[in-house]
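Asker: Using the sequences provided together with the hints, build the complete structure.
Chains as they are written, first to last, in the working numbering: chain W, 1 to 140; chain G, 1001 to 1460.
It is possible that some hints are incorrect.
Restraint ranges, calculated between C-beta atoms of paired labels, are given here [unchecked claim]: (1) W/V57 x G/E1349: 54 to 62 Å; (2) W/F79 x G/D1277: 46 to 54 Å; (3) W/T139 x G/G1312: 28 to 36 Å; (4) W/A29 x G/G1091: 44 to 52 Å; (5) W/E125 x G/R1430: 41 to 49 Å; (6) G/D1252 x W/E20: 38 to 46 Å; (7) W/V67 x G/D1252: 46 to 54 Å; (8) W/V132 x G/L1249: 35 to 43 Å; (9) W/G55 x G/D1252: 37 to 45 Å.
Residues on chain G that point at chain W, a partial pick, calculated with CB under 7 Å [stated by the list, open to error]: (10) R1019; (11) A1020; (12) D1234; (13) Q1245; (14) V1250; (15) T1274; (16) S1294; (17) R1297; (18) A1301; (19) G1392; (20) T1393.
Sample of chain G residues lacking proximity to chain W, with all beta carbon distances greater than 10 Å (derived) [to be verified]: (21) P1175; (22) R1183; (23) W1341; (24) A1385.
FYI, nobody ran anything at the bench for these hints, they're computed from the structure.
A virtual CB, placed ideally from N, CA and C, is assigned to each residue, including glycine.
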Amino acid sequence: MPKYMLIMRGTDEGQAAYAEKDFSEVIAAMGRYNESMMNAGVMVAGEGLSDAAEGAVVDFSEETPVVSDGPYGETKELFNGFWIIDVPTRADAVEWASRAPLHGPGNKIEVRRVNGTEDFPQDDEWIQKEAVWREQLGTN
Amino acid sequence: MAGAARDELSPGDAGAGRRAVEAVWRIESARIVGALARYTGDFALAEDVASEALADALEAWPRDGAPRDPVSWLMTVGRRRAIDAFRRRAGRDERYAALGRDLAEGGAHAGAAPLPPGDPDLLFDPDRIEDDRLALLFVACHPVLSREARLALTLRVVGGLTSEQVAASLLLPVPTVQARITRAKKTLAAADVPFAVPPAAERAERLGSVLQVVYLIFTEGSSASTGDSWLRLDLAHEAVRLARQLVQLVPDEPEAWGLLALLELTAARFPARTGPDGEPVLLADQDRSRWDRSAIRRGRAALARAGAARDGAGGRRGPYGLQAAIAEQHAVAPSVDATDWARIVELYEALARVAPSPVVDLNRAVAVCMAAGPEAALPLVDAVAAGGGLAGTYLVPSVRGELLTRLGRTAEARTELEAASRLCGNARERAVLERKAAALATGADDAQADGAPVSDARGA
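Answerer: What follows is the structure in structure tokens.
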């Protein structure tokens, strides 16, 4: 079954708007959304990311990668978290994405299909190693 | 309810528009049919008008673009159609005239909650949505219906598949599916089946039927009994989603968790179950590194929940929980040789006590062969054959053929395998049996001779 990743992406503007909201309301809205996906039997994973300011960016534009603190320098769009859902078609994934409790300018969800084993040559040595790692990690 | 941002619903792209409407329907059909059934007190009518609303949406949305709030749109159309239907019937029966007036004015059908006027979103009582969903499952899986009707109706109203999708996944013509659904609705109406979660006294039996329907949908999807399509993933995964929905609705039922565990653990093997040309690969020959590890993790977690729910409720393990426990033994084993076959024999013995069947006995015999050798297993297979419960199927000769091969009784083995291939209705599985028989005929060193394992009666 195809899996899709719903990637939360927002600009500073979108982030700032959420920072002003009542945190318990934000949690409740997200909780209701997650519950609807659990009740529909489609949710398989999801994580949220902490403040981008605590992170770092490694930039490969130059021959030697350049590391800088915090979010992307010029790009104002941040990757803030994701869900992985088990749905039969891209249209279902888009429909679920459109129901996320995100509102206002600067908030986006990108919908991407997660590669499965069928997307890689199974006789490749590294792909076979990866299968062993997945067994250890309990992920697919 | 969000909804304005459907990128696939730009007017003009009919295919994408259709897919987007279908996606909304898959998510919302149970809620819409459930709410309409509760408010009209008439499941058949609710299903009719909901289907009409879907048909309208499939025509209007791709043409005009998606409404801002698709669910309200569907509910409004469904409700209006219900009112029309009551008014049409009013010509024959004054009772319907009153119902139609009540429905239009927001009054209550006798015994049902009052219908709020205006905003159709108010039809969704948040405290009732889960009850409605559960009632819908119980009604669609009602024992008064034939097994075929239960499958079609459940896929349609709970799974949110269109008639065309139900037909395609069950390999049936669309009119056959439509006729089954129509007949099912008439049967429910004739039997006066109320739209409700069954009372406590009936609950265990009715839940049993729901579990069975979800299980049958899964097996329909994972091994077609006829035809070339050995694996129909979509239907099997639809069943997994239904099982996940079910445990959310009845979290205290051990067998609901057991069923979910069984389906997750079985589906985990799908990526390894077919070879490059679509031919089936038996459990023994599967590349276990291709098993879906996250599905195994979910299956094992569900099995643990089944145990916890059973501890809470008391009672012994049910057939789904036991089958899941067997699947778990395979899932955790690094190889066929390193599988705890003695444990699997015990689990099959327990399964034979709670759900006796010749298939279980045959699978137990296969496990005995793996645990103690073919000599110990052959009398058990012969007992199944003598019982006659599997007469006319390929199962007994196929297992018997493999045991005889391992015992070096080649001529007898070939006769059995040839008999099995003649009886097997699935083209792909038949090819496997023919290959095995042919290998014996040419005197080639068969894989079984070096102690390779015997596949169980359910194949992979």
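Asker: Taking the hints in turn, state whether each one holds.
Answerer: The hints, checked one at a time:
1. Evaluation of the 54 to 62 Å hint for W/V57 and G/E1349 yields a pass: the beta carbon distance comes to about 60 Å.
2. Between W/F79 and G/D1277 the beta carbon distance is about 40 Å. The supplied range of 46 to 54 Å is therefore violated.
3. Remark: the range hint 28 to 36 Å for W/T139 to G/G1312 is upheld by a beta-carbon distance near 30 Å.
4. Judged by the Cβ atoms, the range 44 to 52 Å given for W/A29 and G/G1091 holds: they are separated by roughly 48 Å.
5. A hinted range of 41 to 49 Å for the beta carbons of W/E125 and G/R1430 is inconsistent with their spacing of about 36 Å.
6. In this structure, G/D1252 and W/E20 meet the distance hint of 38 to 46 Å, their C-beta atoms being roughly 41 Å apart.
7. A C-beta distance of roughly 52 Å is found between W/V67 and G/D1252, which places it inside the suggested range of 46 to 54 Å.
8. Take W/V132 and G/L1249: their Cβ atoms lie about 37 Å apart, and the range 35 to 43 Å holds.
9. For the pair W/G55 and G/D1252, the beta carbons lie near 43 Å from each other, so the given range of 37 to 45 Å is met.
10. Taken as an interface hint, G/R1019 checks out: its beta carbon lies about 4 Å from the nearest beta carbon of chain W, inside 7 Å.
11. The criterion of a C-beta within 7 Å of any C-beta in chain W is met by G/A1020, whose closest approach is roughly 5 Å, and the hint holds.
12. With a least beta-carbon distance of about 6 Å to chain W, the hint placing G/D1234 at the interface is held under the 7 Å criterion.
13. Contact between G/Q1245 and chain W, as hinted, is supported at the beta carbon level, the nearest pair being about 5 Å apart and thus within 7 Å.
14. Interface hint at G/V1250: violated, since its Cβ lies 12 Å from the closest Cβ of chain W, which is beyond the 7 Å cut-off.
15. About 11 Å separates the beta-carbon of G/T1274 from the nearest beta-carbon of chain W, more than 7 Å, and the hint is not met.
16. The interface hint given for G/S1294 is met, as the beta carbon of that residue sits about 4 Å from the closest beta carbon of chain W, less than 7 Å.
17. Hint on G/R1297 holds. Least Cβ distance to chain W is approximately 4 Å, under the 7 Å limit.
18. With its C-beta approaching chain W no nearer than about 10 Å, G/A1301 sits outside the 7 Å limit, and its interface hint is violated.
19. Hint on G/G1392 is violated. Least Cβ distance to chain W is approximately 35 Å, over the 7 Å limit.
20. Against a cut-off of 7 Å between C-beta atoms, the interface hint on G/T1393 is violated, since the closest Cβ of chain W lies about 30 Å away.
21. Interface exclusion of G/P1175 from chain W stands, the closest Cβ pair being 24 Å apart, more than 10 Å.
22. Residue placement check: G/R1183 keeps its beta carbon more than 10 Å from all beta carbons of chain W (closest about 27 Å).
23. Every C-beta of chain W lies more than 10 Å from that of G/W1341, the closest at about 21 Å, which supports listing it as non-interface.
24. With a least beta-carbon separation of about 38 Å from chain W, G/A1385 lies farther than 10 Å from that chain, consistent with its non-interface assignment.
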